[in-house]
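Student: In case you want the letters, here they are:
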Amino acid sequence: MLSLSNVDSFYGRSQALHDMTVAAPEGAILGILGRNGVGKTTLLRTILGLTDRSEGQITLGDKPIARLATHERARAGIAYVPQGRMIIPDFSIRENILMGGFAAGGTRRIPDIVPELFPYLIENLDRPGGVLSGGQQQQLAIARALACKPRVLLMDEPTEGIQPNIVAQIEDIIIRLNSEFGLTILLVEQNVHFVRRAAKAFAMIEHGTAVESGAIETLTDEMVNKHMAI
Amino acid sequence: MTETLFIGLSLSSILLLIALGLSITYGAMGVINMAHGELVMIGAYTGVLSGIYLNLNLLFALPLAFMVSALLGLALERLVIRRLYGRIIDTLLATWGVAIVLQQLIRLEFGLSFFGIHVDGLGPGLQSMDVPSFLTQPFEIAGVPIQTYRSFIILVTLLLTLLTWFLMYRTSMGVQVRAIMRNPQIAAACGIDVRRVSAFTFAYGSGLAGVAGVLLAGFKTVMPEMGASTVVDGFLVVVVGGVGSLLGTVLASAMLGQINGVFAILTNDILARAIVFGVVIAIILWRPRGLFSFRSR
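Heads up: the sequence lines are chains A and B, in that order.
First residue of the first sequence: 1, per full-length UniProt numbering; consecutive thereafter.
First residue of the second sequence: 1, per full-length UniProt numbering; consecutive thereafter.
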């Protein structure tokens with residue numbers, strides 16, 4: 001579905017990804033694991049064209065997208081739930097969600113999936129996004145990504161910084177997005193337990209490259225200890 | 001006193017038109033456009049020259065100047081600024097260079113000698129443009145004489161401010177512009193074509209500068225250097241109002257324009273200018289991001 005082949009990525013002169021090769025199977029969750037600072041976020045940003053420069057092949061389905069601008073990649077079907085949510089605080093909830101609509105032909109209609117998953121947001125469409133709690137803002141960031149009508153969802157630590165009782169809800173929503181709605185998801189996570197529960201495949205990142213990958217059943221505790229223990 | 005406040009309001013109005021363009025372009029694109037004042041000047045020349053060569057009066061010169069300055073702004077964005085996004089000092093220097101080139105081109109092509117006019121002591125400028133007679137007859141409200149042209153300036157500014165508000169807060173393009181102001185990368189990741197929207201924004205802000213130029217040309221001598229001082233005042237408004245804030249820009253231009261106008265009459269121009277700078281410094285110390293700012297970039 002989405003694959004990177006021998007991708008290098010740069011911030012200025014600093015190379016952040018080295019010869020990265022990973023593939024997310026269609027309709028599956030690919031868990032991206034690794035310590036802080038190894039290049040997991042850069043991997044997602046490279047897929048969207050948000051680093052300064054990248055080389056190598058990135059394909060969505062059969063379509064090469066490495067030369068496309070960021071907005072063209074979004075319109076091709078890649079949506080992004082960034083680390084820290086990055087909703088726009090002074091935009092209303094409605095405006096935040098509809099921002100995603102520009103990737104789906106500029107539609108001004110909130111997709112049906114959003115009220116189904118996030119009824120609170122729909123009941124408070126005119127409130128500013130900035131007044132929401134961390135968990136609600138995460139819901140809003142996911143709703144904005146869903147408004148893009150994506151084929152692939154890039155999620156960067158979606159449970160980070162959220163109160164524990166909300167984390168389980170967010171996790172369940174991610175699993176539903178994949179199992180019920182068939183979305184392919186690249187999930188950057190530090191929570192190995194959740195990745196094991198949700199993902200079908202994994203890639204372990206270290207020093208900007210994928211050092212281990214495969215079916216989730218092949219992710220061993222030894223790998224986790226070797227590549228994720230501090 | 002009422003008349004003084006009215007003159008201050010009309011000066012504030014022109015200041016607002018200049019600052020609106022600056023605020024939008026800096027807010028959306030992070031570009032400090034030092035050539036913005038020259039777009040004001042180009043608008044003023046468009047007004048004067050359209051009167052001379054096309055026999056257009058001021059009412060027709062306004063949309064024409066908007067289009068000329070907007071197209072010039074678009075060309076500036078496409079040819080220069082687009083290549084320098086994210087490099088604030090480089091854009092500042094490049095647009096400063098463009099400002100100098102535009103000034104000199106105008107001086108070469110449209111100095112007074114071009115028209116065979118030589119007036120001792122006037123310098124290389126043109127007289128202010130002709131204002132239609134119906135805008136030159138003063139009228140009275142409650143015994144206070146009001147200059148019609150000053151009222152016209154306020155009316156045009158009011159209409160353009162409302163148009164800007166409508167574009168920014170009631171249209172799809174406005175949502176895109178505001179999204180880019182807040183977070184250009186997330187805007188792009190949501191499918192917004194940041195470059196296309198930025199080009200539109202730059203052209204619109206430039207067009208507003210052109211309109212300000214025509215309005216200025218109605219009571220000021222038009223000359224190549226006229227834009228340089230206006231851009232400084234425009235930046236003061238942007239800094240005080242808060243980058244990208246429509247409400248902040250409106251209030252800051254009203255406040256600074258009035259302070260300048262009132263103190264210029266009570267004391268003199270130089271002291272009034274000093275007081276304006278004093279107020280700006282005090283506000284920056286009190287609220288470094290301006291009176292109405294949002295978190296951005």
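Keep in mind that the hints were calculated from the coordinates and are not lab data.
It is possible that part of the hints are untrue.
Stated by the list, open to error - Computed list of chain B residues with no C-beta within reach of chain A, every gap over 10 Å:
no., residue
1, GLY30
2, VAL101
3, TRP165
4, VAL194
5, PHE200
Stated by the list, open to error - Covered stretches of chain A, going by a simulated chain B footprint (3 or more residues, C-beta under 8 Å):
no., region
6, 67-73
7, 77-91
8, 183-191
Glycine included, every Cβ here is placed at the ideal spot set by N, Cα and C.
Student: Now, for every hint given, state plainly whether the structure supports it.
Tutor: So, going through the hints one by one against the coordinates:
1. Distance to chain A confirms B:GLY30 as a non-interface residue, since its nearest Cβ pair spans about 16 Å, more than 10 Å.
2. Look at B:VAL101: its CB is around 30 Å from the nearest CB on chain A, clear of 10 Å, so calling it non-interface holds up.
3. With 10 Å as the threshold on Cβ separation, the claim that B:TRP165 sits away from chain A holds: the shortest Cβ distance comes to roughly 15 Å.
4. Distance to chain A contradicts B:VAL194 as a non-interface residue, since its nearest Cβ pair spans about 7 Å, not more than 10 Å.
5. Every CB of chain A lies more than 10 Å from the CB of B:PHE200, the least distance being 14 Å, so the non-interface label holds.
6. With 3 residues having a Cβ less than 8 Å from any Cβ of chain B, the region 67-73 of chain A passes the three-residue criterion, so the hint holds.
7. For the region 77-91 of chain A, the proposed coverage by chain B is satisfied: 8 residues have a C-beta within less than 8 Å of a C-beta in that chain, meeting the threshold of three.
8. Under the rule that three or more residues need a Cβ within less than 8 Å of chain B, the assignment of the region 183-191 of chain A is violated, with 0 such residues.
Hint compliance for this structure: hints 4, 8 are broken, all remaining hints hold.
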